[in-house]
Amino acid sequence: MIVLVLVLPLLAAFLLPLMPGMLRRLIGPAALLAVAGIGIDLATITFQQPVVLAVGGFLPPLGIVFQADAVSAVMVVAVALLTLLLWPWQGDDASVLDRKQALTLILAAACSGLAVSGDIFNVYVFYELAAVASYGLASGNNAAAKVAAFRYVILGGIGSLLAQVGITLLYFRTGTLNLAHLAELAPHTLYDPLGMSAFLLILLGFGVKAELFLVNTWAPEVYATAETRVSGLLAGLVSKLVLIILVRVLTLIFAMTEAHLAFLVLGMLGTLTGELAAYRARDVRRMLAWSSIGQLGMAFVAFSIPGPAGMAAGLAVALHHLIAKPALFLLAERWGGSLASLTGAARKSPIAAGLFVLFVLSLLGVPPLPGFWAKYLLLTGLAAQPAGLWWLAGAVVLLTTAIEAVYLFRVIGALYTRDDSQESQPAVNVASSGILAVVLVGAGLASPILAAPLDRMAAQLADAPSYVARILPALPMPPDSTMPPPGPVPSPDPMQPPGPTQGVTP
Amino acid sequence: MMTLDNLLALSGATTLAALLLGQSRVFAWLGGLMYIGQIILLAAMNLPDVASFGFDIFGQTVGWQMDGFGRFFALITLGAALAAIAYTGGEWGDRYVQNGNSRRTLQFALALNVLAMLLLLASKDLIAFFIGWELTSWAGFMLMAQGGDRALRAALRYVPYAMGGAMAVLAGIVLAHTWAGSLDIGVLAGRLPGLANWQIATLLVLFGSGFAVKMGLLPFHLWQAPAYAEAAGAGTGFLAAISSRMGLFGLGLLLIKLLTLSRVADLSFIPGVFDAQDLVAWLAAFTIVLPTFTALKQNDARYLLAWHGIGQSGYMLLGLAMGDPIGTAGGLLHVFNHATYQAALVFSVFAVIHRTGTADLNSLGGLVTRMPLSFLAMLMGIIGLAGLPPMNGFVSKWLVYRSLMIDGHPFLFLMAVLGTLGTILSVYKLIHNTFLGQLRAEHENVKEAPWSMTIPMLALVGLGFLTGVAPGLALHYVAEAQAALGLPVMPYTMGGVQSPRGDLDMIWVVGVLFAGFGVGAILFYGFGNKSKRIHQLDNYAGGHFLSADVRYHYSDNFYAGLMHRIGPLYRSSFTWLESSIASSVDLAASLMQGWYRQVTPALVLLIAAALGLGWTIWR
Chain L
1 MIVLVLVLPL LAAFLLPLMP GMLRRLIGPA ALLAVAGIGI DLATITFQQP VVLAVGGFLP
61 PLGIVFQADA VSAVMVVAVA LLTLLLWPWQ GDDASVLDRK QALTLILAAA CSGLAVSGDI
121 FNVYVFYELA AVASYGLASG NNAAAKVAAF RYVILGGIGS LLAQVGITLL YFRTGTLNLA
181 HLAELAPHTL YDPLGMSAFL LILLGFGVKA ELFLVNTWAP EVYATAETRV SGLLAGLVSK
241 LVLIILVRVL TLIFAMTEAH LAFLVLGMLG TLTGELAAYR ARDVRRMLAW SSIGQLGMAF
301 VAFSIPGPAG MAAGLAVALH HLIAKPALFL LAERWGGSLA SLTGAARKSP IAAGLFVLFV
361 LSLLGVPPLP GFWAKYLLLT GLAAQPAGLW WLAGAVVLLT TAIEAVYLFR VIGALYTRDD
421 SQESQPAVNV ASSGILAVVL VGAGLASPIL AAPLDRMAAQ LADAPSYVAR ILPALPMPPD
481 STMPPPGPVP SPDPMQPPGP TQGVTP
Chain A
1 MMTLDNLLAL SGATTLAALL LGQSRVFAWL GGLMYIGQII LLAAMNLPDV ASFGFDIFGQ
61 TVGWQMDGFG RFFALITLGA ALAAIAYTGG EWGDRYVQNG NSRRTLQFAL ALNVLAMLLL
121 LASKDLIAFF IGWELTSWAG FMLMAQGGDR ALRAALRYVP YAMGGAMAVL AGIVLAHTWA
181 GSLDIGVLAG RLPGLANWQI ATLLVLFGSG FAVKMGLLPF HLWQAPAYAE AAGAGTGFLA
241 AISSRMGLFG LGLLLIKLLT LSRVADLSFI PGVFDAQDLV AWLAAFTIVL PTFTALKQND
301 ARYLLAWHGI GQSGYMLLGL AMGDPIGTAG GLLHVFNHAT YQAALVFSVF AVIHRTGTAD
361 LNSLGGLVTR MPLSFLAMLM GIIGLAGLPP MNGFVSKWLV YRSLMIDGHP FLFLMAVLGT
421 LGTILSVYKL IHNTFLGQLR AEHENVKEAP WSMTIPMLAL VGLGFLTGVA PGLALHYVAE
481 AQAALGLPVM PYTMGGVQSP RGDLDMIWVV GVLFAGFGVG AILFYGFGNK SKRIHQLDNY
541 AGGHFLSADV RYHYSDNFYA GLMHRIGPLY RSSFTWLESS IASSVDLAAS LMQGWYRQVT
601 PALVLLIAAA LGLGWTIWR
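Line by line, the protein sequences give chains L and A.
Residue numbers for the first sequence follow the numbering used here, beginning at 1 and rising by one.
Residue numbers for the second sequence follow the numbering used here, beginning at 1 and rising by one.
In isolation and in its complexed conformation, chain L is listed as follows (with noise of 0.2 Å):
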């Protein structure tokens, strides 16, 4: 079942040009429902118990493994649903269109991979998968959209060459690249100069898309010129996997304290730099962007505290994000240029304006909206860590939310200035936004029960050695099957009744 989380929106993509008529237009979104449907299934399953699948049957380490716990189905859950919502329905000629969905398809079908993904060869094709994908939505069809795609395929460009090379470190020194087998075989090969270069290549590699400071020079210029769709779709979804997988690499390989330290240093400069550049905005979609790579660096910050603590913090920034980014994107389409020329925007378009504060107080975080939740988690789990860079962190926390609000609600001032001239603005199209203002304006409601969820989440991905004992269990398996974690259960909850033993299979 894992499998097909990322097979059918691939198998779309291949089949789309090939479909006739109608069912061209409904073969996407069809699959993408399914994957949703599977997720959200796997999600059921993946709370009570993480699930594992050795392809074909082959053994880890040797064999190919997917793996998912309750993130992995959340972010399957969040790939599938926030692509249809950013879907490209319509717009162009038929050609053109064919070509966005299919791209938007792969990349749909590379985020599910990266985020079942239990090897890190396996992470590195799909993380290729989606920065093709990207580059080919990102260069859209006008001049300074291609100029800024260029700019951002040398950089991924080299980004991933220098992630290869650190792949590369990993599987000259530990002869694997089983991501649970480097868990148990980091502590003895890799806790050394070289093994520490393999981290830093990694984490600036991939680092490219998950717009980690220093390397995320391309967001600004591609964010503003592309369609806004791609651009919520890059910021709110792509960004989010590749920091998860940055994650579990931390966690499981490299949970030393100046890989952390790393995470922390590299965070904290990109919530300055962002959030400073943002400040300076003229243009509210290269505002959205800066201001994507300052929330970007919180999570880099969040996830930065050992334990737990800072993996909830991470994923409730980086969740956060999720849903509020793609959705200011969405609502800004029609608000490019410069900020005067948002004036009397609000009267024209009422309802989008309105959900733009909404989700603009969110991201200050202000209570009880679920964008609060993430930044009260980030400092109580930074300021239990010893006084030093991680409270020095946290006051970069709170001094770039004070920046953020005043050139977001510059914003806000434009929209509700008055104008006097008549010409006319469109109208913004509420739907997509709306439609995740509702999750949002819910996930505030019910965070006192989504608070269960998200610790049990920041369990398993902080939790390695439950990880490492359900994928190297050395124990047969029936062949191509989801195999029931033997050893200890991860995080085990007395209350609960024990998970199912059987997986589904594909």
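No lab work stands behind these hints: they were computed from the structure.
Wrong hints could be hidden among the right ones.
[As the list claims (entries may be wrong)] Sample of chain L residues facing chain A (criterion: CB under 10 Å; computed from the structure): (1) L16; (2) L201; (3) L214; (4) A278; (5) R280; (6) A312; (7) A384; (8) V406; (9) Y407; (10) A451; (11) P453.
[Claimed, not checked] Now the stretches of chain A that chain L is said to cover, found in silico as 3 or more residues with beta-carbon under 8 Å: (12) 48-59; (13) 151-158.
Heads up, the beta-carbon is just placed ideally off N, CA and C, and yes, glycines get one too.
Position chain A against the provided structure of chain L, taking the given hints into account.
Chain A in isolation, oriented as in the chain L frame:
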């Protein structure tokens, strides 16, 4: 029946009703009734009352509970909302709508402010507190931003202050949780005083600056005057009456209940001479003096009042910082007293704006014959603001002065008196330039403001007079607030204070005052009243008759002589500080943009990778 649950439910219903029906002018009646209902529920509540709802999240229990301290502020909030909504129902509201504004948004913002403040005032733990705090901030922003582009711009200036303050409060909450292991206010009150001095100091600075922003305490006061002054009339009245007092509520909670004043006083800068409690008191004192003298320079009546609002909050904090029964009673009572006369003054100024179209103190004058009721409201209001009998402002200021004298703070007392001097000078400028002197020709046909405007202001000054004569009516709730904070309660009577350290009986004071007036009236009217009534434009000076087109109303460059002396002392240092911080951020921001606009990102990536590899080896 009279429970916190029902109060919050009714307040929520009011907000919802405002959203649905607020556009209609009739809603003023419905909303007014709903506010009255809330006042009744609140006043009849048996305290402390715990809300039945609440939730657990991340190991914290979030809940609400109303005590005497919260109720004191909540009653003032609801009273201010009632006065403000009465203002929106009539002609003013219709004009407001004609000018292209939304009455629905105004009503909604007002109701939302009330709901947010009730949630804040009834918070049982710091998460609930922060929820209330942020809702109050942004609902306040919404109310400030109503009424046109100038209001919106002024409100936007509030944003960095509000968010900076909120983040300071959040940092304080997180640290309190880290150090004391709980966020329940009752538990924290037991644990926080046991922290080390540097921890107390950190919490004091973080929470204190956050609360100080809302209160407009120096040096965080610059946003307040324009934001309050430019808002829509009803909104200005409400904001001026109560909004910034939420900061005082926070400071009271922090200084007296959570950290305790005795622990704050342990943080000494010069041992035995100057400690953190003194620092708070001196900040309060400077907040009295500097904004009051800034008010003196204003030429817009709305700004003049808004600056006084900032200055008067200094008296409240000064009283609280004394920590003794009389001082804290004075500080708290001043919150109520200030709300009554300040809202009345704002409404009176907006009544003048409604009729004449301006609040410019250089283009008004002589309106007393045209708008006598508004004049009466302003006269009684400024008597309250200046702190003179028989209005209630006298009582609270007397208590603060008395406490300063008893506790031995002669220099603080001097500052307080200096502030009062500045107040008297500027309120005289206000009433003189608006109502006294020569009527302008263009105002010849001005009529009194409609009843929907005069009734709220007269009711407010009436209340101010009533609680001036019988302060015991309000002191009942003050005593309750003191008890809830764990302070010793000041013994009070209907007429004022009865304690071995100083008595005050306002019934006697006012009796003597009016007896004096009575004697004066008998002398004036009984023995040869030689006055002759002439037309207001019938003036003469230096033996020359002045026709209506000759301006003979001295308003421009008021207090020229005084300004010649003290003018050089106005340095705009805070404005300079504000703009230099803004330009520093701007500079840093353009540097960062340069980073993201670099032409050789790939090279930078490679250099970063090389440096990183170097680091791993060197390490």
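Does the nearest C-beta of chain A fall within a distance shorter than 10 Å of the C-beta of L:Y407?
Holds, because the Cβ-Cβ distance from L:Y407 to chain A comes to roughly 9 Å (cut-off 10 Å).
With chain A as the partner, please determine if L:L201 meets the hint condition of a C-beta pair closer than 10 Å.
7 Å, holds
Interface hint compliance - L:L214 to chain A, C-beta minimum distance less than 10 Å
5 Å, holds
Measuring from the C-beta of L:A384 to each C-beta in chain A, is the shortest one below 10 Å?
Holds, about 6 Å.
Are there three or more residues in the stretch 151-158 of chain A whose C-beta lies closer than 8 Å to some C-beta of chain L?
With 3 residues closer than 8 Å to chain L, the stretch 151-158 of chain A meets the three-residue bar; holds.
Given L:A278 as an interface hint, is its Cβ closer than 10 Å to any Cβ of chain A?
With Cβ-Cβ at 8 Å, under 10 Å, it holds.
Under 10 Å is the threshold here; is the Cβ of L:P453 close enough to any Cβ of chain A for the hint to stand?
13 Å, violated
Would you check whether L:L16 satisfies its interface hint, that is, whether its CB is within less than 10 Å of any CB in chain A?
It is violated, given that the least Cβ distance between L:L16 and chain A is near 34 Å, above 10 Å.
Against chain A, is L:A312 within 10 Å by beta-carbon distance?
With a closest approach of 8 Å, the L:A312 hint holds.
Quick check: the stretch 48-59 of chain A, covered by chain L? Criterion 3+ residues, Cβ under 8 Å.
holds (count 4)
For the hint on L:V406, just tell me whether its beta-carbon gets within less than 10 Å of chain A.
Holds - the Cβ of L:V406 comes within 10 Å of chain A, reaching about 5 Å at its closest.
Return the status of the interface hint for L:R280: holds when the least beta-carbon distance to chain A is below 10 Å, violated otherwise.
This hint holds: L:R280 lies near chain A, its Cβ roughly 4 Å from the closest one there, short of 10 Å.
Violated hints, in rising order: 1 and 11; the structure is consistent with all others.
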